[in-house]
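Q: Spelled out from the first residue to the last, the chains are:
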Amino acid sequence: MAKWVMVIDLDKCTACQACVVACQVENNIPIAGPDETERQRIIRWMEIIPFIYGEYPDVRMRLLPRPCMQCDNPPCTKVCPVRATMLGPEGIVAQIYPRCIGCRYCTSACPYTVKYFNWHTPSWPEEMRNSLNPDVSVRPAGVVEKCTFCIHRLQKAREKAAAEGRQLREGDYIPACVQTCPSCAMYFGDSENPKSIVSDLIKSPRAFRLLEEIGTEPKVYYLSEGQ
Amino acid sequence: MEREDILFKPIDRPGRKFYIVAGIMSMVVIWAFYAYITELRNGLGVTGLNRPVFWGFYITNFVFFIGISHAGTLISAVLRITNAEWRKSITRSAEVITVLVLGIGVMNILMDLGRPDRVLNIIKYGRFQSPLVWDLISITTYLTASIIYLYLPLIPDIALLRDRVKDEPRKWFYNILSIGWKGTEEQQRILNGAIAIMAILVIPIAVSVHTVVSYVFAMTIQPMWHSAIFGPYFVVGAIFSGIAAIIIIMAIIRKVYHLEDYLRPVHFKNLGILLFVMACLWLYFTLNEYLTTFYAAEPVQMKVFYSKFTGRYAHLFWLMVITCFVIPAILLVNKRTRTISGMVAASISITIGMWLERFIIIVPSLANPRLPYERGIYFPTWVEWSLMAGCFALFALMYMVFTKLFPIVSVWEVREARETGLKEIRERVKEYLPGMEVLAKNIMSKEVIAVTPETTVEEIGRLLASHRISGVPVIDADKRVIGVVSESDVIFREIRHEFTLVERLGNIILPELRREGERSGNTAGEIMTSPAITAEEETSLTELMEIIREKKIKRIVIVDKVGRLAGIVSRIDIVKAIERI
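Protein chains in written order, with the numbering used here: chain F, 1 to 227; chain C, 1001 to 1581.
Treat the hints with care, since some could be wrong.
Simulated pairs of lysine to aspartate or glutamate, DMTMM-like, Cα-Cα distance not exceeding 20 Å [what the hints assert, rightly or not]: (1) LYS1423(C) - GLU1579(C); (2) LYS3(F) - ASP172(F); (3) LYS1303(C) - GLU55(F); (4) LYS1303(C) - ASP172(F); (5) LYS1441(C) - ASP1573(C); (6) LYS160(F) - ASP135(F).
Facing chain F, according to a computed beta carbon distance under 8 Å, are these residues of chain C, among others [stated by the list, open to error]: (7) ASN1042; (8) GLY1043; (9) GLY1045; (10) ARG1051; (11) PRO1052; (12) ASP1112; (13) LEU1113; (14) ILE1122; (15) GLY1126; (16) LEU1132; (17) VAL1133; (18) THR1220; (19) LEU1366; (20) PRO1369; (21) LEU1371; (22) GLY1376.
In case anyone wonders, no lab produced these hints; they're calculated from the structure. Glycine included, each C-beta is placed from N, C-alpha and C at the ideal position.
Please model the complete structure; the sequences and the hints are all you need to start from.
A: Following this line, the structure appears as structure tokens:
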């Protein structure tokens, strides 16, 4: 069974936010608008978060692209009362939008705060409405959503491979953010496959994961910046 | 019956004030309903909630109201089990609180759901691993048990109402609810048994409810939520706020329905003591919670800690400490302020404080996520304020309606207490207090003047007069009691003989005949009452009094196990014994 893993090389990352935009478009994420953004209601499955160290004048800032960590031991799926969020067989934490009752227990339990709630019925500017991605469902108001590692791309890749009568190959399935990254800072693949790039990268001494100490076993790895 | 009229008064005639207050409350509820419709139509965006503060007023109110529910049924059950006699006039008013606020607590969860239309998914796809499902199970169990526990002691009162009301619709209503209660001994026995079972059952359920409510937070790994102390901390807080609610509501119904005679200062005093104990416990738990966090000083925890102690939530945190402990402690410790109004003031302070406590537990943890996002801010909107006001108004409204339908003080229990309370308490005290169990052997006179059957009546008369006693036991050679000669036995004989002139003459003229007369009717053996009414040395005072009352006698001869004379208990001995206790 595959185990999908993302690796983000912080040395290469320029924090250009192309991944954020790509994600937004790929996954039909609604536009919050300035007022709702001000109220912290914006939805960003992929977000650049700043770590700021030190005090003026000796300040250092690190910027970190942050998708859902796709934990192997997810605190969010544990607490869901209706199994609307669950750990899939290939390690992707799934959301079932038509089942979610909107209690926001998973959003409150996630130590990375990567889960988002639809405070309103999602809306897009007129021009964008016709360019929604048909592969991704539009979420109704009142349900929780989050990064899915573009799981619809996995389904499509599988179907395509099956049609061509072959196995899924390395690189057949990559999420939109990884595909878009202009500095090639993001890698994606099956860590169970010893020949994949990610299985090598996660063994690197530079590799770390966020909040490793709380035992959630994330499947998003970062390669630390060189000094 | 006359003095119970005050208990039925609110049911007999709803006053004008009732309709005015009910009207105001209904308006608030309707306004809240409008707010809820707004939320339903526009989504939770109309609230002040956001990311990361996903939970705010609704969850705070949920925990708060479920907490309030703890006092009613739990306190009533504990008092019932411990046989606290003073509970009888307050249990009903407390139990109603539980049933009503549990419903309101659950409503707050519905208000909080993004998709209330899918709430039945909890049954369809329910995961038992989720603490929210534990809540659901625990709360519905508690609600069911509380309704039964409220209803059972209500049945005899409903039957009283059924026999009291005249108009047809109400008679029909009470007739159905009274389920054929006639007050027979058999029915009473079954009812008492059922109440006793429920009283025991609701205690673990009540404790479980707020424990699992706390688990919603404690089971996560979020800073200052993930705490092992939360279960008992929440239960203590729940009982604390619940008692405060009982005191406030009791004071209101006391004033409004003129129940000064039923809800006495002693009820408030006892609840006030309990309230102060809970305040101390609350402080103890709070200290434990914050001191351990502070000392270990884990950075993620400290962010939340400082946001409470010195940061954005500091004013609310310190207000909580003042309202939950400082104000109540000052009011409850000081003898001059330990009045009903003082206690109501303390209770209002605690109710506010405990609401703040829930808020202070929920929001700062969410507002300070582990990763360096912007800190969350949360201001409730008019929708949340309106729904919160609606919850309180709905509670007041439903409580008022209850008092118009059923007596808010348990009529039959108070009546029963009046009839048997004193006796029960005396029996109970005797059970555990040494020296309270008064036995015949402790109070009897041991130096008994006794006579043999051969003693002459003249001799007996002399004995009675010289010792100033009213009767003597008659014993045989074995000291076995065979009868009693009392004053009246002697007097009746005298009277009888006063009027037989022939006999008197005969006595003077023919002394031989007189001796003859002595032998046939003038000795103790002939005039005594036999068999004597006796009791054994181990007989209790209560039983002695019963015998004296029932047999209409003036003294009881006390005998040992084989029937030999041991002593005598006269009326004066009983008076002395009662004086001692």
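Q: Next step is simple, just say for each hint if it's right about the structure.
A: Results for each hint:
1. LYS1423(C) - GLU1579(C): 16 Å, holds
2. LYS3(F) - ASP172(F): Distance of about 14 Å is within 20 Å: holds.
3. LYS1303(C) - GLU55(F): Given pair LYS1303(C), GLU55(F) holds - Cα atoms ~18 Å apart, limit 20 Å.
4. LYS1303(C) - ASP172(F): 43 Å, violated
5. LYS1441(C) - ASP1573(C): 11 Å, holds
6. LYS160(F) - ASP135(F): 14 Å, holds
7. ASN1042: 7 Å, holds
8. GLY1043: 4 Å, holds
9. GLY1045: 4 Å, holds
10. ARG1051: ARG1051(C) check passes; min Cβ-Cβ to chain F is 5 Å, inside 8 Å.
11. PRO1052: 5 Å, holds
12. ASP1112: Check passed: Cβ of ASP1112(C) comes within 7 Å of chain F, closer than 8 Å.
13. LEU1113: Where the cut-off is 8 Å and the nearest Cβ of chain F is about 5 Å from LEU1113(C), the hint holds.
14. ILE1122: 5 Å, holds
15. GLY1126: 6 Å, holds
16. LEU1132: 4 Å, holds
17. VAL1133: Holds, about 5 Å.
18. THR1220: Given a least distance of 4 Å, the restraint on THR1220(C) holds.
19. LEU1366: 6 Å, holds
20. PRO1369: 4 Å, holds
21. LEU1371: 6 Å, holds
22. GLY1376: 7 Å, holds
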